[in-house]
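Novice: Below are the chains, spelled out letter by letter.
Number of protein chains: 4
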Amino acid sequence: MDEILVSHHRRPALRSPLIIEGLPGVGNVGKLAAEHLVDELGAEKFLTMHSKFLPPQVLVDDTGILRLVSNDMFFLKRKGSAADLVFLVGDYQGITPEGQYELAHRSLELLRKYRPARIYTLGGYGVGRIIEKPRVLGAATHPELVEEMKKHNVIFSKGEPGSGIIGASGLLLGLAMRLGIPGVCLMGETSGYFVDPKSARMVLEVLTAILGVKMNYTALEQKAQHIEKLTAQFKEAEKAIADSRAEDLRYIG
Amino acid sequence: MDEILVSHHRRPALRSPLIIEGLPGVGNVGKLAAEHLVDELGAEKFLTMHSKFLPPQVLVDDTGILRLVSNDMFFLKRKGSAADLVFLVGDYQGITPEGQYELAHRSLELLRKYRPARIYTLGGYGVGRIIEKPRVLGAATHPELVEEMKKHNVIFSKGEPGSGIIGASGLLLGLAMRLGIPGVCLMGETSGYFVDPKSARMVLEVLTAILGVKMNYTALEQKAQHIEKLTAQFKEAEKAIADSRAEDLRYIG
Amino acid sequence: MDEILVSHHRRPALRSPLIIEGLPGVGNVGKLAAEHLVDELGAEKFLTMHSKFLPPQVLVDDTGILRLVSNDMFFLKRKGSAADLVFLVGDYQGITPEGQYELAHRSLELLRKYRPARIYTLGGYGVGRIIEKPRVLGAATHPELVEEMKKHNVIFSKGEPGSGIIGASGLLLGLAMRLGIPGVCLMGETSGYFVDPKSARMVLEVLTAILGVKMNYTALEQKAQHIEKLTAQFKEAEKAIADSRAEDLRYIG
Amino acid sequence: MDEILVSHHRRPALRSPLIIEGLPGVGNVGKLAAEHLVDELGAEKFLTMHSKFLPPQVLVDDTGILRLVSNDMFFLKRKGSAADLVFLVGDYQGITPEGQYELAHRSLELLRKYRPARIYTLGGYGVGRIIEKPRVLGAATHPELVEEMKKHNVIFSKGEPGSGIIGASGLLLGLAMRLGIPGVCLMGETSGYFVDPKSARMVLEVLTAILGVKMNYTALEQKAQHIEKLTAQFKEAEKAIADSRAEDLRYIG
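Chains as they are written, first to last, in my numbering: chain A, 1 to 253; chain B, 1 to 253; chain C, 1 to 253; chain D, 1 to 253.
Next up, chain A with everything else stripped away, as it sits in the complex (with noise of 0.2 Å):
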């Protein structure tokens, strides 16, 4: 089969789009605000990303209906001068350094044709410890843009993150610089220890200021409870399959 496989559900005709990246990864922060977005401005979904480096794994919605994993790709034209968006989003990054390379490299073949003219990547910044009010910390593709995220109250400290930044937010935007295409990563100080709304809000509240949108973030903590839930759901599932078939997958040469 091929490696992903890509539906279309409309082809929308876009203006130089910025892009917008949240994946599930450390507190869902990334993930929360992404798809916070999509809800509040009312964003259309247009491509579908099923792969074999997404875990082999239905989701069962209250109804009792299955859909595949996969990543998407959601869309708002906006009116006069203000730029058009693309959101992408997902249950999933890849599950292996490959996947990872694999699907952010097509994702950005895909967005490629719009002529981009901008990608922000959001995501949360681990510390290990309950932080009461989070900063939003900063990493860019070029100088003048760490300069206007400054402005916007981005923090850029050296030394923060230590270890660059892992998984997909870091990589769109490290292939992204080989095509020509800038971009940001906005990341939020969380505990890492569950799904943080508050750190989402942070980031939203960066976000809407640079794209000039307005925000309700009434649904963002219900949003975080049900992730929250979702997630203690999967892992005791886990647990149980894992528990009891390791043996079976174990590869005993």
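Just so you know, the hints here were simulated from the structure itself, not pulled from any lab data.
Be careful, since some hints might not be right.
Identical chains blur together in the list; that is why a pair holds if it fits in one copy or across any two.
[To be verified] Pairs of lysine-lysine residues, derived as BS3-like cross-links and limited to a Cα-Cα distance of at most 25 Å, are as follows:
(1) Lys-214 with Lys-158
(2) Lys-229 with Lys-158
(3) Lys-133 with Lys-113
(4) Lys-158 with Lys-223
Got chain A; can you put chains B, C and D on it based on the hints?
Specialist: Just chains B, C and D, lined up with the frame of chain A:
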């Protein structure tokens, strides 16, 4: 080598068959149920898949003859208006996520030419405790199938299974949806601690009512004991081998 | 790069040879037995396989010269009606399931052109306790081979090995069956805790009787000590390196 | 995507250069030594490799600018009869055995057109205890190189390293042998517990004598502290992330 090696033993003429999948998994409920159907109905093997996504292992029968582990398809022609049946069973599921996708995808490619009317995937739903009277839970590709299954006492319960369905039983349906093939997953509740013939029987009672076949369950308990014994031997042997060879196989870069 | 890099040192003319495989495994019984045969019979190396399915490792000999780990083939032309022999030996088995399949498949592709009359694969059968008088267990591709082997005191015992045969010794025969090449696996009982020359000798006594060759076993004990020492050094070095580099190699997504 | 993405910054004209490799490894001896040479000699970067065989990670510099992890080549043209030099350095070795082979193979393909006269690979030899006066151990592709190196006080000691050489330093030489390119591995003794500038200096003293260059070691200690700090930050961050995401990434079939 080809990732999946397909051998056709026969090329049966089938009219829009119903597909029934039961591979090893939680409590071996699906495998037990599907193989019982194959035996009781006298279905005939027509296709074997060997693959590098399965363990590098041969099984040895009681007379000393070996065979390479495989996934296999059986068929049953039925008279009059009763739909033909195809069974997908085997020794293992794919042992990596990629292998899961490739095997499910290829199985569907091989089955697609028969224009299957529907896919039933059978599995166990691990709950981590002994169940006196296992329920049969369901998930489906389309709302009308949910309604139809409810009439057969299949339970659709919000939040169960919370983590969706992992492995072949989910993946076959998720990929089938992309091809427009409808399907249902039937999951028997099970502890997940051992091979569970009681749960398999509950699944079979639902499925045989749907298929309109009569079933004798006498051999089911015995088959479960046989699988349990095999599984125990596997684990013992695997442990012995893993202990003695772990260091040789560990990658130390 | 090609997944398997094949170097032909010679292209011998062989008449339907017997193939004898002995790669590292439980108790290194197969490797020990096959390499003893190669040395005692003076077989000549004609083919080397390097592969990304083997560890990324070079071995260093006593004079400081290195060589990349490999699987190798040796041949022995025999006079009159005695069948020619080909030996498949090496430093490692494939280190992933996929690698096992690819190396076994390629080995058969390379050997197939000689129209091999039969394959003997040699291995150890780990029983987890010290064995005074190791039996030689068998498994075969065809019933007539089972009967023939019984005459050579090979034991075919119901339920042994319970989990079948894992790795190259099983896989070569499983894949050979698809090509119509008959074969036998000879397994010497062994504890699995150390390199076992006594078990290797039991296997060789059966095999040399079949092949009609005389064998001197003097060097076997010494060879076992040499392999034991190498194995111990490997494990120590691997441990040191693994300890120091584990975190670098861990994928943390 | 291509498995390895190669960017040429310059295409230097080189005459049968000497290749010097130093990638991260035991005690980071090779990386430390090779990067010190690059800095002190003012070598110029001419080629970058990004790859899905490296971690999906970007590094962030002190000004907030990110870059995708890579392997890089630098060159130094030398006057008169002194051979030109090419350095192969980078952030990581390939993170799987397959990745190790692919990166080493591609590096050689890229270097081959310059008709390299010889390859020196630099590494650490982990001994698991603090070493007062580290020896420099050697291994080579040809006996005459062993003799030449002995004159430079390189130790060739029977049974050291007992397990051969694992990773890029060994693999580059093993694959180079197939192409007829001679080479030497120089290994500085090191505990393996931390970044070891003393061991790197011992390796450099041998190598600079061979190359006929003068070296100032003042910056070496400082460079080691920098790498040590980076490594510590990596491990901390990796741990935090791994803790919070372990379950998401675990495959549970």
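Novice: In ascending order, which of the hints set out earlier in this document are inconsistent with the structure?
Specialist: Numbers 1, 3 - these are the hints that the structure violates, sorted from lowest upward.
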